[in-house]
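K.L.:
If you're matching them up, the sequences are chains A and B in order. Just so we're aligned, residue 69 is where the first sequence starts under my numbering, counting upward by one. Just so we're aligned, residue 16 is where the second sequence starts under my numbering, counting upward by one.
Check each hint, because a few of them may be wrong.
Listed next, the stretches of chain B that the computed footprint assigns to chain A, with coverage defined by at least 3 CB atoms under 8 Å from CB atoms of chain A [as the list claims (entries may be wrong)]:
| no. | stretch |
| --- | --- |
| 1 | 22–31 |
| 2 | 61–75 |
| 3 | 78–88 |
| 4 | 92–100 |
| 5 | 124–136 |
| 6 | 165–171 |
Rather than coming from a laboratory, the hints here were simulated on the basis of the structure. Beta carbons: idealized from backbone N, C-alpha and C, even for Gly.
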Amino acid sequence: MKRLDIIGKPRRRVDGRAKATGQVRYADDLSMPRMLFTKLLRSPHPHAVVESIDATRAAQHPGVHLVLTGQDFPIPFGIMPVSVDEYPLARERVRYVGDPVAAAVAVDEQTAVQALDLIEVRYKILPPIASPEQGLQQPEPRIHDYCEQGNIHRNQSYEFGKVDEALAKADLVVEDLFFYEGNTHLPMEQQATLAFIDADGKLQISSSTQNPHYLHRQLARALQVPEHQIRVIATPNGGGFGGKCDPGGHEFVVAKAALVLGRPVKIGLTREEVFYVHRGRHPVLMKMKTGVTKEGKLSGMHLQTLLDGGGYGSHGPASTFYTGVLTPVTYHYPRFKFEACRVFTNKPACGPKRGHGTPQPRFGQEVQLDKIAVKLGMDPAELRLKNVTKANALTASWLKIGSNGLADCIKKVTEMSGWKQRRGKLGRGRGLGLACSTYMCGAGVAIYWNKMPHSGVQILLDRSGSVIVYCGATEIGQGSDDVLAAIVAETLGVDIGTVRVVTGDTGIAPVDLGSYSSRVTIMMGNAAVQAAERLRTQIAAVVSETLGARPDRIVFSQGRVFAVDHSGPGMTFVEAVHAAEAELGTLSAVGSYAPPKPPGKYKGAGVGPSPAYSFSACVVETEVDERTGWIHVPKIWIAHDIGRAINPTLAKGQVIGGVYMGLGEALMEEQSFRRLPEKLSGALVHRAPSMLDYKSLTSLDMPEVEVALIEDPDPYCPYGAKEVGQGPLLPVMPAVANAIFDAVGVRVDEIPITPDRVLKALQAQDKRVGPTSFPKVPYPAPTFVLPPWEGGDGSETRRDAKTAVV
Amino acid sequence: MKPHRLAMSVNGEKVETLFAPYKTLLEVLREDLALTGTKHGCELGECGACTVLLDGAPVLSCLVLGMECEGRSVQTIEGLARGPDLHPLQAAFADFGGSQCGYCTPGVIMAAKALLETNPSPTRDQIKEATAGNLCRCTGYQQIVDAVEDAARRLKEEAR
Chain A
69 MKRLDIIGKP RRRVDGRAKA TGQVRYADDL SMPRMLFTKL LRSPHPHAVV ESIDATRAAQ
129 HPGVHLVLTG QDFPIPFGIM PVSVDEYPLA RERVRYVGDP VAAAVAVDEQ TAVQALDLIE
189 VRYKILPPIA SPEQGLQQPE PRIHDYCEQG NIHRNQSYEF GKVDEALAKA DLVVEDLFFY
249 EGNTHLPMEQ QATLAFIDAD GKLQISSSTQ NPHYLHRQLA RALQVPEHQI RVIATPNGGG
309 FGGKCDPGGH EFVVAKAALV LGRPVKIGLT REEVFYVHRG RHPVLMKMKT GVTKEGKLSG
369 MHLQTLLDGG GYGSHGPAST FYTGVLTPVT YHYPRFKFEA CRVFTNKPAC GPKRGHGTPQ
429 PRFGQEVQLD KIAVKLGMDP AELRLKNVTK ANALTASWLK IGSNGLADCI KKVTEMSGWK
489 QRRGKLGRGR GLGLACSTYM CGAGVAIYWN KMPHSGVQIL LDRSGSVIVY CGATEIGQGS
549 DDVLAAIVAE TLGVDIGTVR VVTGDTGIAP VDLGSYSSRV TIMMGNAAVQ AAERLRTQIA
609 AVVSETLGAR PDRIVFSQGR VFAVDHSGPG MTFVEAVHAA EAELGTLSAV GSYAPPKPPG
669 KYKGAGVGPS PAYSFSACVV ETEVDERTGW IHVPKIWIAH DIGRAINPTL AKGQVIGGVY
729 MGLGEALMEE QSFRRLPEKL SGALVHRAPS MLDYKSLTSL DMPEVEVALI EDPDPYCPYG
789 AKEVGQGPLL PVMPAVANAI FDAVGVRVDE IPITPDRVLK ALQAQDKRVG PTSFPKVPYP
849 APTFVLPPWE GGDGSETRRD AKTAVV
Chain B
16 MKPHRLAMSV NGEKVETLFA PYKTLLEVLR EDLALTGTKH GCELGECGAC TVLLDGAPVL
76 SCLVLGMECE GRSVQTIEGL ARGPDLHPLQ AAFADFGGSQ CGYCTPGVIM AAKALLETNP
136 SPTRDQIKEA TAGNLCRCTG YQQIVDAVED AARRLKEEAR
């Protein structure tokens, strides 16, 4: 490979100037002549039947152009084909405080708000279900009729080798209960959407969505408009973190209003409404049983999880899988079993938040390993190094791991933090904690079943020297536009300033599935490399004779095209484009990418596989005040195996940002609910639907983060680059918990770790605070699959089989 | 409601506008003057995204009524660049990763500008304190502090 000109060098991101000048046009910055404004009426009850809605007075209110209710939306939507359970406006039933029931479209927001007051809704109140435990005990009333049983949304069980046998043979078996409270994304930008009928009579919708392609499909479905009549533009998102992955009711409402009225219609959610839309981290209760030999080799794990799903399906079926499926990617478990159950409750729907379903079990796993290390008298870093998975290995659950820098991450982070010299020696009240993690570089399977590519890129070369790159990927702040421009510029050997990217637009760019599952760098990047290489091949064939070199001996670098041995003068890239355009006509190429077929063949093997996995190891230092329980974090060290950093400035920014969000989750962020007194309806309401009450870290709370990027290019990734958007968040929470143990000898087995919980643990007899019981969950009989090393072929088999049934 | 007539200075230019009297300065800027560079994250004074300079001091424009601004001077992100060239704060935010999604950026930059005008050589802690009212969900603040530090250095070099 030629020397890299752009990739790997710290650089101003391609949209850096626009962001610093306020010129980025987020969804709510858009306005159009004759634009109308929308407000949504939301349910004040957590669970009720909508008996009737009278919108007559609202519709007659001066300045009101349209009132919509559930009757206007007969077709449901849902991001996952197995959970299409939501209506843009609730029809017969509301399922959480904040569920939208009606919309008013008016000349301005003020008038729309006035109209909402004139809408009369009659509710028949149903008893709300507040927790998954309650949902298990009370199968009726059902929150959704399609539940697997009672109020259980999804119920899964997988066993890879006989885990009970493995645990029976272990020298030490530890069993722990953990709880991870829900929390929310809190992107700085509140969702906004503008819809209008364009000059050709087609519906155009600009929205703060992470996934314009899925929104496109869902709009077509729910509004019964052909897909080719809809153009979705994902405006640059002011932060996403998973919160803008699901289609939102408000997007259908303004689209419908624009179709009915033929005028531009806009909506901007208030911050309170963003808390209701939610789709954030699932609260998860976990039971984790792990066996280990006295030498510290893991022999197996049995993991049970119980998820509080909230009122709708959202990404829930995948979230449920993710509380189990990535657990064995960091360490080698010869046998592994997980059972996972998601229960509907009358709260805003939970969904994908940065790390999707995996931070919860990772917290339990990494805290439990710390406990095991203490029991075995081993250094927690040594224990982990003994068990790390290897490159190109398979897990017991048939996930194929590509490159694997976990051991390097552990070595690096312990060296940076002075782990060996400092741990246990900082004095009472101060401590160090270590934890590790991994994350996927893109989901191996699309959300809806199809055999088409996951990402497409088209490049158009212009005789001016401009390179125009089209891709459906969405810039949510993570820097995907910069990754796209850098990869194309590097491959074509041109200055990045000559590249213009056109992204997030279903009307003009090839499909990319969206900014979720840390998939964009890898999938869009591979598609971009393919497209750019095809152009290089076309051009090289044309200029080969002039340059006196075989096409495969021609190099594209720094705006020039020349023979690899520098024989002859070469030419500029623009001259080469002119020559090629003269001979071939307009120059363009497409590239696309589909992930490799996963090795697992059992039903459910589609969740978890990824073209590659990133790895992280983190050390947190804490100071704990034993009188108040106050936790101060002076410093965090983290090593992240990124394969290769395309732009180290951005990559480090993602790592620090992930650490920041993880530390917030560890110490304070919680999306929790309370019951209003019975005389005030007894409703389940948010404790904190505001940014002031929902605590997050400020600049004053944020410690210094020292970042090491471990770069061992992954062969399946573009220029070797793996994900960095989600992975670095994941080890932070358990590292904090482990550091608190090192500081004051208590175990806080739940998240967030607040001062009152630390105090409670200090006062507890067993120096622990956390869940004390796990309810009886009717998990199904497991799908039994033999691990690769026990003769399986990745298919489901009988539990008593010696080898796989072929 | 009868529209209110307001005359104020925005980014050094005299501006007159008619607007609904209940509107905040934030709404007047974004909706009546089309200056959408100033953002909103809560409209309750919690997040700092709408920070602008009012008579040189940083304020949350969502908590200031438009009517209060008669005859006063407002500076927004749109007025910061020097013609086609970026202000050192803007250049530093772009170069040091101070923006990720960029939504909090205009507010943080305005808060940082106010700091640097009163304290040209702030410590890292002083930078954190001056921007503590500006929430950012992307960066973890470290690269924001790096950017402000660098801008302070560039501005001092210019002044020399």
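K.L.:
Determine for every hint whether it applies to the structure shown.
P.N.:
Hint check:
no.: 1; hint: 22–31; in the structure: violated (count 0)
no.: 2; hint: 61–75; in the structure: holds (count 3)
no.: 3; hint: 78–88; in the structure: violated (count 0)
no.: 4; hint: 92–100; in the structure: holds (count 4)
no.: 5; hint: 124–136; in the structure: violated (count 1)
no.: 6; hint: 165–171; in the structure: violated (count 0)
Checked against the numbered hints above, the structure breaks hints 1, 3, 5 and 6 and satisfies the rest.
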